[in-house]
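**Q** Going down the list, the sequences are from chains V and Z. Residues in the first sequence are numbered from 154 upward in steps of one, following the numbering used here. Residues in the second sequence are numbered from 1256 upward in steps of one, following the numbering used here.
Calculated from the structure, these hints are not laboratory results. Quantities reported herein were computed from a predicted structural model and do not represent experimental measurements. Among the hints, a few may not be true.
Unchecked claim - Okay, derived cross-link-like pairs now, DSSO-like style, lysine-lysine, Cα gap no bigger than 30 Å in a straight line:
#	chain 1	residue 1	chain 2	residue 2
1	V	K257	V	K224
2	V	K209	V	K224
3	Z	K1299	V	K221
4	V	K257	Z	K1326
5	Z	K1326	Z	K1306
6	V	K209	V	K195
7	V	K209	V	K221
8	V	K257	V	K195
9	V	K221	V	K257
10	Z	K1317	Z	K1299
11	V	K257	Z	K1299
12	Z	K1282	Z	K1306
13	Z	K1306	V	K224
14	V	K209	V	K257
15	Z	K1282	Z	K1299
16	V	K209	Z	K1299
17	Z	K1326	Z	K1299
18	V	K195	Z	K1326
19	Z	K1326	Z	K1282
20	V	K209	Z	K1326
21	Z	K1317	Z	K1306
22	Z	K1317	V	K195
23	V	K195	Z	K1299
24	V	K195	Z	K1306
What the hints assert, rightly or not - Here are a few chain V residues that face chain Z, going by a calculated C-beta distance under 10 Å:
#	residue
25	Q167
26	G169
27	Y185
28	F199
29	I254
30	K257
Note that the Cβ used here is the ideal one computed from N, Cα and C, for glycine as well.
Given next are the chains, with one letter for each unit.
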Amino acid sequence: GESVGLHLPTLSVQEGDNSIINCAYSNSASDYFIWYKQESGKGPQFIIDIRSNMDKRQGQRVTVLLNKTVKHLSLQIAATQPGDSAVYFCAEKGQAGTALIFGKGTTLSVSS
Amino acid sequence: NAGVMQNPRHLVRRRGQEARLRCSPMKGHSHVYWYRQLPEEGLKFMVYLQKENIIDESGMPKERFSAEFPKEGPSILRIQQVVRGDSAAYFCASSSLAGEQETQYFGPGTRLLVL
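Generate coordinates for the entire structure from the input sequences, incorporating the hints supplied.
**A** Given below as structure tokens:
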């Protein structure tokens, strides 16, 4: 079956550190992956996406890495700030071709 | 350019009542998706609509739930005869393109509480 999961439910870091949030997916046919950030009481906010024909993609302070061999996805946040505190979800494009399949999320806590 | 709009933001209903959740997609977007999120969990897909058409409703319960996206006006997710298990956050997302790799942008959600 299809599933998207995250290795750790919580991650605590100090301000200024680099954060790495991991995600494992099970469907080798998935070809599109997205990271969303969700703050308390708000909807998911798009952070960055990556296609299956890429291994790495960089944005502003964020990098997504895709390892198709082991079906692993990670989000790296450089110089983590208190405003980065939120729940982070990875999502994959399901076999239906339209629905996103979400994992359960990792709660990132950044302390000053 | 306004983002995805949802209303109401909070909705309280008693068991047996009807709940209507509205979603206005981003300007220029004609594809709408509804997701449900239970506490401490990720989002679960419910239904995908284009204007006047339901494209994929594989994630929506067969009974009591319905969705529409009329030619004019917002998309509506309707829950009839609500039960306590319907309490959740309901999110709408929109995109400009269908196909393999469109980006879905989410609204702020409607938090439904069934008493």
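**Q** Would you mind marking each hint as holding or not holding in the structure?
**A** We went through each hint and held it up to the structure:
no.	hint	result
1	V:K257 with V:K224	holds (17 Å)
2	V:K209 with V:K224	holds (14 Å)
3	Z:K1299 with V:K221	holds (24 Å)
4	V:K257 with Z:K1326	violated (35 Å)
5	Z:K1326 with Z:K1306	holds (6 Å)
6	V:K209 with V:K195	holds (28 Å)
7	V:K209 with V:K221	holds (11 Å)
8	V:K257 with V:K195	holds (16 Å)
9	V:K221 with V:K257	holds (20 Å)
10	Z:K1317 with Z:K1299	holds (15 Å)
11	V:K257 with Z:K1299	holds (10 Å)
12	Z:K1282 with Z:K1306	holds (13 Å)
13	Z:K1306 with V:K224	violated (35 Å)
14	V:K209 with V:K257	holds (23 Å)
15	Z:K1282 with Z:K1299	holds (24 Å)
16	V:K209 with Z:K1299	holds (27 Å)
17	Z:K1326 with Z:K1299	holds (26 Å)
18	V:K195 with Z:K1326	holds (28 Å)
19	Z:K1326 with Z:K1282	holds (14 Å)
20	V:K209 with Z:K1326	violated (40 Å)
21	Z:K1317 with Z:K1306	holds (21 Å)
22	Z:K1317 with V:K195	holds (28 Å)
23	V:K195 with Z:K1299	holds (16 Å)
24	V:K195 with Z:K1306	holds (26 Å)
25	Q167	violated (25 Å)
26	G169	violated (29 Å)
27	Y185	holds (4 Å)
28	F199	holds (6 Å)
29	I254	holds (7 Å)
30	K257	holds (5 Å)
Checked against the numbered hints given earlier, the structure breaks hints 4, 13, 20, 25, 26 and satisfies all the rest.
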